[in-house]
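Novice: Sequence:
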Amino acid sequence: MSFTITPKDLKSRLDKGDKLVLVDVREPWEYAIAKLEGSILVPLATLQQSLGKLDRDAEIVAVCHHGMRSADATGFLLQQGFGKVKNLIGGIDAWSTQVDPSVPRY
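If you read the sequence shown in full-length UniProt numbering, its first letter stands for residue 1, the second for the next number, and so on.
These are calculated hints, taken from the structure and not from any lab test. Keep in mind that the hints are not guaranteed to be accurate.
Once the Cα atoms are required to be at most 27 Å apart in a straight line, the calculated DSSO-like pairs of lysine-lysine come out as [what the hints assert, rightly or not]: (1) K84 x K16; (2) K11 x K35; (3) K53 x K84; (4) K35 x K19; (5) K8 x K35; (6) K16 x K35.
Ranges between beta-carbon positions, derived for each pair [to be verified]: (7) D15 x T97: 14 to 20 Å; (8) M68 x V103: 17 to 23 Å; (9) I40 x H66: 17 to 23 Å.
C-beta: ideal position from N, C-alpha, C; glycine also.
All chains, full assembly: derive it from the sequences and hints.
Specialist: What follows is the structure, encoded as structure tokens:
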């Protein structure tokens, strides 16, 4: 089973109307610059305290700048018993270059 998703695959799943929970694990200042529509901000440092806000049965896609912090978040959530978690490969930067150039790069 793959725990990653490409920006293009994520876009097609969102376009189909799949119910995905986008969890952005960047810092608030980064989220203010660029974000994916409908994503929720849960900075990586607060993820452990925020587990109660997340639905264990939901399909979660973790997002960060380049995919490193979200990879950490994906591993952590899987360890905590979340069964359907994926890391957005390349993060929001790859989303901007491959899917939606209107999302600012920084």
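Novice: Tell me the hint numbers this structure goes against, listed in increasing order.
Specialist: The structure breaks none of the hints.
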